[in-house]
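Novice: So the sequence lines, in the order shown, correspond to chains F and E. 241 is the number that this note's numbering gives to position 241 of the first sequence; each next residue is one higher, with no gaps. 58 is the number that this note's numbering gives to position 58 of the second sequence; each next residue is one higher, with no gaps.
Note that these hints are calculated values from the structure, not bench results. By construction, the Cβ of each residue, glycine as well, lies at the ideal position given by its N, Cα and C atoms. Don't take every hint at face value.
Here are a few chain F residues that face chain E, going by a calculated C-beta distance under 10 Å [said to hold, decoys possible]:
1) S106
2) G109
3) I110
4) L125
5) T164
6) R167
7) S198
8) W214
9) G221
10) P235
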Amino acid sequence: MLSASLIIVFIVACAIFPEWIAPYSPLDMNVNHILQPPSAAYLLGTDQFGRDVFTLLVYGSRQSLLTGIGSVLIGGLAGALCGLLAGYHGRWLDTFFMRLIDVVMSIPGILLALAISVALGSGPLTIILAISVAVIPGYARVMRGQVIAVKSRQFIDAARAIGTPNREIMLRHILPNCLSPMLVMMTTGIGFSILISSALSFLGLGEISEIPDWGYLLSQGRSYMTIAWWIATFPGLAITCLVVSVNLIGDELRNRLDPRNS
Amino acid sequence: MFMFVIRRLLVSIMVVLASVTLVFFILNVLPGNPAEMMLGPNATPETLQNLNESLGLNKSLLVQYFDYMRGFLKGDLGESFITKKPVIDQLLAQLPATLSLAGASIAIAVILGMVLGVLSAVYQNKAIDYVVRMISLFSISMPTFWLGILLILIFSVHLQWLPAIGNGSLRQLILPACCLGIASAGSLSRLVRNSVLEVLNEQFVVTLRAKGLPEKLVLCKHVLRNALIPTVTMIGIVAGELLSGAVVTETVFSRQGIGRVVVEAIMQKDIPLVQAAILIAAIFYIIVNLLVDISYTYIDPRIRSKH
Numbered sequence: 001m002l003s004a005s006l007i008i009v010f011i012v013a014c015a016i017f018p019e020w021i022a023p024y025s026p027l028d029m030n031v032n033h034i035l036q037p038p039s040a041a042y043l044l045g046t047d048q049f050g051r052d053v054f055t056l057l058v059y060g061s062r063q064s065l066l067t068g069i070g071s072v073l074i075g076g077l078a079g080a081l082c083g084l085l086a087g088y089h090g091r092w093l094d095t096f097f098m099r100l101i102d103v104v105m106s107i108p109g110i111l112l113a114l115a116i117s118v119a120l121g122s123g124p125l126t127i128i129l130a131i132s133v134a135v136i137p138g139y140a141r142v143m144r145g146q147v148i149a150v151k152s153r154q155f156i157d158a159a160r161a162i163g164t165p166n167r168e169i170m171l172r173h174i175l176p177n178c179l180s181p182m183l184v185m186m187t188t189g190i191g192f193s194i195l196i197s198s199a200l201s202f203l204g205l206g207e208i209s210e211i212p213d214w215g216y217l218l219s220q221g222r223s224y225m226t227i228a229w230w231i232a233t234f235p236g237l238a239i240t241c242l243v244v245s246v247n248l249i250g251d252e253l254r255n256r257l258d259p260r261n262s
Numbered sequence: 001m002f003m004f005v006i007r008r009l010l011v012s013i014m015v016v017l018a019s020v021t022l023v024f025f026i027l028n029v030l031p032g033n034p035a036e037m038m039l040g041p042n043a044t045p046e047t048l049q050n051l052n053e054s055l056g057l058n059k060s061l062l063v064q065y066f067d068y069m070r071g072f073l074k075g076d077l078g079e080s081f082i083t084k085k086p087v088i089d090q091l092l093a094q095l096p097a098t099l100s101l102a103g104a105s106i107a108i109a110v111i112l113g114m115v116l117g118v119l120s121a122v123y124q125n126k127a128i129d130y131v132v133r134m135i136s137l138f139s140i141s142m143p144t145f146w147l148g149i150l151l152i153l154i155f156s157v158h159l160q161w162l163p164a165i166g167n168g169s170l171r172q173l174i175l176p177a178c179c180l181g182i183a184s185a186g187s188l189s190r191l192v193r194n195s196v197l198e199v200l201n202e203q204f205v206v207t208l209r210a211k212g213l214p215e216k217l218v219l220c221k222h223v224l225r226n227a228l229i230p231t232v233t234m235i236g237i238v239a240g241e242l243l244s245g246a247v248v249t250e251t252v253f254s255r256q257g258i259g260r261v262v263v264e265a266i267m268q269k270d271i272p273l274v275q276a277a278i279l280i281a282a283i284f285y286i287i288v289n290l291l292v293d294i295s296y297t298y299i300d301p302r303i304r305s306k307h
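This is chain F alone, in the form it adopts within the complex:
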């Protein structure tokens, strides 16, 4: 748990102040030092352009984190809103949202994200949006289930009996009681989004900028796999470390927040 938090703090620091942590500039290309194995000078080796892999990872962390957090915020909030409305209102709105969710869920998530990002054109924002849409159904389902459970509790009847307006019941009484499973889901969702976004850049949808993100770096390294294992290995390790840490924190949150476990 402690090491997970430390890893996350380190990666966040990389994302905010890359120039303080990275030994080189991500734009430094050194023709004399291409495809160097890990050494004291180049901790994790160099890539096919002679760029330091560690430096590239440090600079690439910002994109990975932004995608993970951004898509969970957008997808999670949109999903929570759909779930809240569907669960609270019930009747036709519920049927409508749930059928819509069935439809979206029957399309494999990565294909949906791929189709959306091709349609919108490449760019970091596109990937965030595409992943957000793909994760909405999951959040909406959990939220709806939670809302339906809370809605039947007595304090909601009490609130209604004293004439509290619907919007206030939803926002002030139901929503706070549904937050903890959503919080857990959003935490592990960050990891999931980072995995999908790296898969999308691996398939060739990453934005083409001077500073590659982790997934793109990994896919580049794949071409040099047999002669330079380090280019593909370390970005993958970085993604795994970040996602493992996020998932560990998610598990811990679940244990703390889930009353059944205490």
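Please build the complex by placing chain E on the supplied structure of chain F, with the hints as guidance.
Specialist: Same frame as chain F, now just chain E:
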């Protein structure tokens, strides 16, 4: 039971129609004209016009949609924009490769996930449990394609035990199936562990032990059976995600299959091909989930009585 299946099938048909519609509009409404993408930036307006006409892209979107749906209901899924061949033939040719990958990886995921999950629950808080939990955590946190690359590096490049790419032989199936299976085994084993632990705490287990039933029988006959319901649900979810995984795995291992075809089709905006692939994915997802729902009634008699 029969009525239940019929009702589910009817709903499923609606879901399939709706998902085909949704994808049609995502691919069509958003910017980017397929004819322009096929001809490149140097196309003259006339050739563009001609291609648009021959693909039927000059008609209004609604007309295109109804044309497509009319063909769809007759079983005609259209021709690929690129190869001009019927898309259904193109996809059916790829189906065996993807299905064998999916089947093999589900088998690996289920066996590995169940064994690890049960071990972890039975030896709760012992060394085995910690090791299994660590393995599961890593396997769900790893990018599938990275695992694939590592497997190739270790087993093909260094040890030279197994071929890295291609399809055809069984040996060529092992690495991709492991790659895809391990990823799902992690989430499955976590779930199996939780549900077995939950069942172990129930009172009937105390009764079974009290009447002197051997621990092995308690576990295999009673606990596992009760822990199977959430597990089977999870298998349905995992199977639904397999196609997503296949997209990536087939690319890493340069295998032929639906996943790779659909990635290329999406990039080239080959709309009929993408539509047909999404259709196959949706049908696959629905069949698996129907099987899951039916299997509940066999595993748990309490559910059977409800229908």
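Novice: If a hint holds in the structure, say so; if it does not, say that too.
Specialist: Hint check:
no.	hint	in the structure
1	S106	holds, 4 Å
2	G109	holds, 6 Å
3	I110	holds, 4 Å
4	L125	violated, 14 Å
5	T164	violated, 36 Å
6	R167	violated, 30 Å
7	S198	holds, 5 Å
8	W214	holds, 9 Å
9	G221	holds, 8 Å
10	P235	holds, 8 Å
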